[in-house]
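In the order they appear, the protein sequences are chains A and B.
Residue 1 is where the first sequence starts when you use the numbering used here, and the numbers rise one by one after that.
Residue 1001 is where the second sequence starts when you use the numbering used here, and the numbers rise one by one after that.
Residues of chain A placed beyond 12 angstroms of chain B at every Cβ, according to the derived structure:
no. : residue
1   : R6
2   : I8
3   : I10
4   : D11
5   : N13
6   : T68
7   : N69
8   : S71
9   : S77
10  : T84
11  : G87
12  : M96
13  : A100
14  : D119
15  : V155
16  : K159
So the derived label-pair ranges between C-beta atoms look like this:
no. : chain 1 : residue 1 : chain 2 : residue 2 : range
17  : A       : D19       : B       : Y1039     : 27 to 37 angstroms
18  : A       : K130      : B       : K1121     : 32 to 42 angstroms
19  : A       : N150      : B       : M1060     : 11 to 21 angstroms
20  : A       : E75       : B       : D1112     : 29 to 39 angstroms
21  : A       : T158      : B       : V1033     : 44 to 54 angstroms
22  : B       : K1121     : A       : E75       : 37 to 47 angstroms
23  : A       : E104      : B       : Y1039     : 28 to 38 angstroms
24  : B       : Q1094     : A       : G87       : 38 to 48 angstroms
No lab work stands behind these hints, which were simulated from the structure alone.
If you're wondering where the values come from, they're calculated on a predicted model, not measured in any experiment.
Glycine included, C-beta positions come from ideal geometry on N, C-alpha and C.
If you want the building blocks of each chain, they are given just below.
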Amino acid sequence: MSRRIRKIKIDHNGEFELDLAPLLAVMVKLVPVLLVSSAFVQMMVIESELPQVVNEAIQRQEQQPTPTNISIELETSGINIVVTDKGQDKVETIPMKNGAYDYETLHAKLVAVKKAHPDIFKLELHPDGKVPYDEVVKVMDAARQARDTNVKFPVFDTKQGKNVETNYMFPEIVFANMMEG
Amino acid sequence: MSRRRRYELPTKKNSTFTLNITSMTDMFTIMLVFLLQTYSTAEVQITPDSSLRLPSSASMVNATESVKISLSREALKIDQTKIADVKNADFLPQDLEDKDSNFIKPLFQELDRLAKSESEKDKAFIKEGRILLQADKELPYATLRKVMYTASMAGFPQLKLVTLVGE
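Bound-form chain A, shown alone:
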């Protein structure tokens, strides 16, 4: 008696249906979870969350007996950058351009000031009472960080004993006239 081996037929062109029901069940649960925790309007805050090296540099600056002081006077007629070094005031005025503040020039001038004073991280802001809040935020934006990623400023890292580079300019902005009557 010979045993016959049955040949299994494999249909290579056959179609099969993928069972998507478990995948759908996962998605139905995931979608409400994500809907609840979604931020459709992204909101951030302006504050200083700085690298350790920059934080240390700010502390060193605060310990100086007669620090160089940089301040911005935000007037309704324009912006003044006042650099007080060794008791001497140096004022640079940025006039209005087409009825609006010239943030590009302000940023460029602040980059130049930062290059001249790489140890200074604190900036005093004196906005006029009539200046809209939006303009104050834009000035803070222009002063906090260099927009060009190629522009770097040296900061001395005490742990490594050498200069490291950062793109932070004046991350610590203080409203200097807040307590004035």
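Dock chain B against chain A, hints included.
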């Protein structure tokens, strides 16, 4: 005479049918990608007031737990509770201290109550005096300064300005 029987469709009693859910899965996949993109990892959820237009900034720092103050062109609120009215981009004279025009009396009282409240005073953000300020972008700095001044007088000097992302 025999009556002709009506033809009946052959029905299977225990039959199952398969629902085509491919298109539904496609839709869910698109939704999932979109929602994952907008997923917020911030520890604090800020709900902007409808009467408030926040300024935009390049800052990418997430908010931390703080006392939430919102200053619109109509009202000053802590969380959702109205503290004082705002008219013509300024506070009403009765809400301000007579001798010090920067001092907002109801705001100071509310912040002082928070700082002294038994249930709230042990929270880290109350101890450190952290404030999240949402203010309308068209308000003048003088109005904002009154809020900042009063808040620092009440022992809340750490100010964080809430801004929108991008231009």
